[in-house]
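Participant: Sequence:
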Amino acid sequence: MENLQSAVASLVHSSNTLFILIGAVMVLAMHAGFAFLEVGTVRQKNQVNALSKILSDFAISTLAYFFIGYWISYGVTFLQPAAVINADHGYGLVKFFFLLTFAAAIPAIISGGIAERARFVPQLCATALIVAFIYPFFEGMIWNGNFGLQAWLLERFGASFHDFAGSVVVHAMGGWLALAAVLLLGPRQGRYRDGRLVAFAPSSIPFLALGSWILIVGWFGFNVMSAQTLQGVSGLVAVNSLMAMVGGTMAALIVGRNDPGFLHNGPLAGLVAICAGSDLMHPVGALATGAIAGALFVWCFTAAQGKWHIDDVLGVWPLHGLCGVWGGVACGIFGQSALGGLGGVSLISQLIGTTLGVVVALAGGFAVYGVIKALHGLRLSQEEEYYGADLSVHKIGAVSQD
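Position 19 of the sequence shown, counted from 1, bears residue number 19 in UniProt numbering, the numbering being contiguous throughout.
Among the hints, a few may not be true.
[As the list claims (entries may be wrong)] Computed beta-carbon distance windows for the label pairs:
(1) E384 to L342: 48 to 56 Å
(2) A59 to V84: 21 to 29 Å
(3) T77 to Q44: 39 to 47 Å
(4) A7 to V217: 32 to 40 Å
(5) A7 to N86: 13 to 21 Å
(6) A151 to L347: 17 to 25 Å
(7) G370 to F67: 23 to 31 Å
(8) K307 to A87: 51 to 59 Å
Everything labelled a hint here was simulated from the structure, so no lab data went into it. We put the beta carbon where it would ideally sit given N, CA and C, even for glycine.
Use the sequences and the hints to build the structure in full.
Facilitator: Okay, structure coming up:
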């Protein structure tokens, strides 16, 4: 009997390890989506820089999160013998891998906002500080119960802040951090003339679309595998993600008037918004959440670029920052049992947690990028920006005419 129980326990641990490892690989693949979405959106003279930033940021993020960030969030360190950290088929290690891919999404998000004029090394320094300290501070507060916030919300409002897969913890955090960086950097040269917006056309719609599709596919690992065990896996999360993606696509198609840039970002807006409540909502609620997010992205991207003169190249603040905020709030609305959801969520708790995420991100963003700007500078010189980051930083262009 003991052997049977041991075999069952081993099977459970190995299955959970494989499950979360597949999720980690799927979210790792999303970073290729971030890369190609940026490559297709920026001008050709900045394509190499886009690819180089995403890969370099991931490497820096891994080091920062392995040695500092994960310990701040969860109190776990891997500076122990391999025999210790390999317990339960190494489940703890692949859990780190999975959560690392979330943490590394933060600088990948920021990269799209500051594209075409940010210096390379200062951005890597910012990545290290954000993934080591800023992101883990909020992540641990929400997903590990640090500092007692979740316990207080549960006691005071009957439910803690619910963010199943990171609408606020990951996406809103990345989007509002990016806004701080974008504001400190200022617009690209020639973006505004006599107070009017000058269009900078994307370099490659096919690359932009490829990036969008990679992100869409990987997102089902992002959301579904957030259960972190086979026992917790839910088809509701998968179908809600699908419906939100479709809702965002349709809204962006209609409101964006067939613009391919809006069309291919619409599904991403829907997926950002559904992360928080994907395990609670009815699929119809998920569809509505995604549709509102898709329209919100189009309206706010247009206003940010044209009216407010915020030169956010990929629109990461509207896409991740604002749609992430909407996702946190939508969870408190459509997650209610009265609207077909599973319940157990408080709108007030959702508002408090979401607002706190925005405050932490803005404060951390202005602190990190403000200090780096004062000490080393954030921006390429006017000449470097004119020739493009590819030649100025990496000494090679994306294509050769020879």
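Participant: Could you work out which of the previously given hints the structure breaks and list their numbers from low to high?
Facilitator: Those not satisfied: there are none.
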